[in-house]
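Q: Chains as they are written, first to last, in the numbering used here: chain A, 866 to 1065; chain B, 866 to 1065.
Mixed in with the good hints, there may be bad ones.
A pair holds if it fits inside one copy or across any two, identical chains being indistinguishable in the list.
[Claimed, not checked] Straight-line Cα separation of at most 27 Å, DSS-like style, residue types lysine-lysine; simulated pairs:
| id | residue 1 | residue 2 |
| --- | --- | --- |
| 1 | K868 | K1053 |
| 2 | K868 | K990 |
| 3 | K868 | K1059 |
These are calculated hints, taken from the structure and not from any lab test.
2 protein chains.
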Amino acid sequence: MHKIITIGRHFSSGGREVGKKLADVLGYAYYDKELLNLVASETGLAVDYIEKYSESDITRSYAYMYGRSFASYKQTPVEKLQIAQNNAIKELAQKGPCIFVGRCADYVLHEENPLKVFVYSSNMKSRIQRCFDKVPEDKAKGEAKIKKQILEIDKQRARYYEFITCQKWANYENYNLCIDTSFFNVDKAVEIIKNAVENT
Amino acid sequence: MHKIITIGRHFSSGGREVGKKLADVLGYAYYDKELLNLVASETGLAVDYIEKYSESDITRSYAYMYGRSFASYKQTPVEKLQIAQNNAIKELAQKGPCIFVGRCADYVLHEENPLKVFVYSSNMKSRIQRCFDKVPEDKAKGEAKIKKQILEIDKQRARYYEFITCQKWANYENYNLCIDTSFFNVDKAVEIIKNAVENT
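If we strip away everything but chain A, and leave its shape as in the complex, we get (with noise of 0.2 Å):
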């Protein structure tokens, strides 16, 4: 079988860069874009609705599904946008070498034994600087506001993963490799991945 990675990551802590750059070095497909595209071909959804909603707290479409009785059960676009995802992930995994950022493909694909990376910043000041450098703008809410944002995009992140996959998400014994990026840089991280995925 050839060799799929896939990469959780801290909201803010670089994983995506460090996803694609690291796509580009290994010659692997990287799915981000394409993924939502073929999702939005087989649900009839929206790309813009996808990106929104397939990596948001679900759990509230889900609490309402629950209270209704199962003879009026009738699938939500939310879940259908689920249960799409997950065949699109499992679909181009088998196309070849490739990334996938987040989408919990890291459960979706333990089949294939992929290597699961989880990229983090154990630093909170160089979490918002890259805020900061990507939309110079939100300097003016102020680091109090930013460093609120962020946590709470971890927690819907977790809370989605957990929702999905019954795991804590960023649990270390999740993953295979561990990367904080506020000690290596983007680079140096793309870097050590490689070299982990070589010759395993």
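Based on the hints, put chain B in the right spot on chain A.
A: Below, chain B alone, put in the same frame as chain A:
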């Protein structure tokens, strides 16, 4: 400043072996027995005693201390040991590039900004197998008993680490690189850390 690597580890994950091999390939000093000897000469305690109590559950000793009045306060041998050990770690770290395994060296040396590695195994079966490989007669005890022993030693390490550092043991955010030796083998883990430490 020269480079310092600290390695925390799951019991029976191969962390100590990773540290020793890494020191060989990098040409770094590896402090284990030397550290014990230095502490022994400073405290007058026997090396065997130090080995037993330098990472054990020391909270009982401290609980006893807190039960006494401050007027009659006198350091216990275990307390003396902890202070001497921390001093020895700091002293040895000044000498040149080096690797410390365990003993809260990541915390003791945090001002030196060491590369903090955590070596773990996400697969209990491989940890049990490692125990059997080291002590073949333990096979007679059975897997369940060995698993219990492994988890108990991890718990002791966690209590020791948390008591000394006021931080959670094995929390990935306290480390810069976490490596799963049930996915990678020991030699590959050494190669990954070697690559991580070079050009940083």
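Q: None of the hints should be skipped; say for each whether it holds.
A: Evaluated hints:
1. K868 / K1053: both (21 Å within a copy, 17 Å between copies)
2. K868 / K990: between (34 Å within a copy, 24 Å between copies)
3. K868 / K1059: both (12 Å within a copy, 23 Å between copies)
Violated hints: none; the structure is consistent with every hint.
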